[in-house]
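**Student:** Each protein sequence line maps, in turn, to chains A and B. Mapped onto the working numbering, the consecutive letters of the first sequence carry residue numbers 22 to 284. Mapped onto the working numbering, the consecutive letters of the second sequence carry residue numbers 2 to 258.
Since the hints were derived computationally from the structure, they do not count as laboratory data. Among the hints, erroneous ones may be present.
With a straight-line Cα cutoff of 27 angstroms, these simulated DSSO-like cross-link-like pairs (lysine-lysine) come out [to be verified]:
1) A/K45 to B/K176
2) A/K138 to A/K214
3) A/K164 to A/K94
4) B/K223 to A/K245
5) A/K34 to A/K94
6) A/K146 to A/K164
Example chain A residues on the side facing chain B (calculated, C-beta under 8 angstroms, incomplete) [what the hints assert, rightly or not]:
7) M56
8) L79
9) T83
10) E105
11) N108
12) A109
13) I111
14) A119
15) F121
16) Q136
17) G137
18) M140
19) A143
20) Y244
21) Y264
All of these numbers come straight from a predicted model, not from anything done at the bench. Even for Gly, the Cβ is constructed at its ideal location relative to N, Cα and C.
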Amino acid sequence: MTEATPKIEPKIKLDGVRKSFGDKHVLNGYSVSVMPRESLVVIGGSGSGKSVALKCILGLLTPDEGEIYIDGKPTVHIRASEREEINARIGMLFQNAALFDSLPVWENVAFGLIQGKGMKRALAKEIAIEKLAQVGLGADVGKLGPAELSGGMRKRVGLARAIAGDPDIIFFDEPTTGLDPIMGHVIDDLIVKCVKEVGATAISITHDMASARRIADKVAMLYKGQIIWTGPVSDIDHSGNDYVDQFINGLADGPIQMELRKA
Amino acid sequence: MNPFQAIGAGILNFLEATGRLTLFALSGISHCVRPPIYPRLILRQMIDIGFYSLPVVGMTTLFAGMVLALQSYTGFARFSAEGAIPNVVVLSITRELAPVLAGLMIAGRIGAAMAAELGTMRVTEQIDALETLSTNPFKYLVAPRLIAGVTMLPLLVLIGDVMGVMGGYVVGVYKLGFNEQIYIVNTWNFLQASDVISGLIKAGAFGFLVSLMGCYHGYRSKGGAQGVGAATTNAVVSASILILIANYLITEMLFTT
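Please build the complete structure, drawing on both the sequences and the hints.
**Tutor:** Pasting the structure below:
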């Protein structure tokens, strides 16, 4: 008699998620699954709904239809306290880092520990300095204000904040946007290293293909609010999908018609 | 477009906006009394609203008191009632001018700053970041500002009362030739506790309105720098109008006292 292998539940699963703003249908039945410790990169053009989907998972937006499961539990219509519990296990690196201007760098990194988890400030500061070191920043940076940092440093601080609470899940919203190629590469390497060290499941959204290739285990292509292709990163160059081919090669001609070209 | 359709759409928009504001205010108030409370943030807002607004409120009420004494003299001299000037000054300052002027000055200084700060936090995703860090933005951003507004404006008005009466005294004694002691005695004897208290009640309400409008417009702002600019303007204009409306309603309520 053979024992059945236990079925591994996806860490995050979006099932038929729809979201509209007025007449604009941004997500049209978005469905995707991410397995534990997997790194999914969602690619797609500007305005294709990548950020909206992330905000739906985080509970910042409520989908009009569909369900989002985290560890197998539905999360769309949960209470605020349950949402806070879920978000305490999630780290997020925002596109422009979204650091709090009124707080020094170390307090930005320690924010979730102090406010979200009620940790003592002294202990939280020690952890923040450790996390800053993990992203290659010295303790002296901790005293600076966010306005005194360069773009690359802001991203690093944002990354340190995202991993400060040792989250199960980390989201990266266009992590390399606005950075030069070398700094973009450095940030990608840090993302891979930090996600592996923390043992987290990651979802990144980007339209930077070099970055996607570096950080992804699996890639999903979003077009007009739907996932039109998904597969391992190694398959992306022979996906057999014209939309994916056009996007990854940055071709002007192909099935994807830019709004501008229609006019 | 049918004119009735336009009127109907306008009324529906107004009702929708009123409903949104009411829900925002109720949510803000409920977070003021439910833990966690952030004493450091409340203290910081109190310093911003209370301490740093002292010069503005002090100067405004001082000159209001001075002008009031001069203008009253011009009018009252026509029927030999100059002796009533200390009474008119203290009554007008405590019941009306100090709360309204302080409220309007704070709407310009603090309401605008709150809307700009929260608006910038909204468009730069800092408010979203708060939520992802398991921190309720209402508790962290709105509640401390509401608490500080309601508690600090009465204190500012109390100081404004003293400054306004002092302005009237300076003009009365040094320009209009009143006897110092008689001016003070007339002021003190005529003043009743209810005059000061009614002004402080108004101040508390105005402080709430200024903080509420600053937070509401900032929190809901969108569209980058232009959106933040619009939020700032809306916060100041709506707070100023609401202060004047609330001033009449509270005066009507306290009319017999």
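**Student:** Against each hint, give a clear statement of whether it holds in the structure.
**Tutor:** Comparing the hints with the structure gives:
1. A/K45 to B/K176: Cα-Cα ~69 angstroms, so violated.
2. A/K138 to A/K214: Between A/K138 and A/K214 the Cα gap is close to 25 angstroms, so the pair holds against 27 angstroms.
3. A/K164 to A/K94: violated, 40 angstroms
4. B/K223 to A/K245: holds, 24 angstroms
5. A/K34 to A/K94: This hinted pair holds, its Cα atoms lying about 9 angstroms apart.
6. A/K146 to A/K164: Answer holds: A/K146 to A/K164 is near 11 angstroms, not above 27 angstroms.
7. M56: violated, 22 angstroms
8. L79: holds, 6 angstroms
9. T83: violated, 13 angstroms
10. E105: holds, 5 angstroms
11. N108: holds, 5 angstroms
12. A109: Check passed: Cβ of A/A109 comes within 5 angstroms of chain B, closer than 8 angstroms.
13. I111: Where the cut-off is 8 angstroms and the nearest Cβ of chain B is about 6 angstroms from A/I111, the hint holds.
14. A119: holds, 4 angstroms
15. F121: Where the cut-off is 8 angstroms and the nearest Cβ of chain B is about 6 angstroms from A/F121, the hint holds.
16. Q136: It holds, given that the least Cβ distance between A/Q136 and chain B is near 5 angstroms, below 8 angstroms.
17. G137: It holds, given that the least Cβ distance between A/G137 and chain B is near 3 angstroms, below 8 angstroms.
18. M140: Since the shortest Cβ distance to chain B is 12 angstroms, the answer is violated.
19. A143: violated, 15 angstroms
20. Y244: violated, 25 angstroms
21. Y264: Constraint on A/Y264 not satisfied, violated at 29 angstroms.
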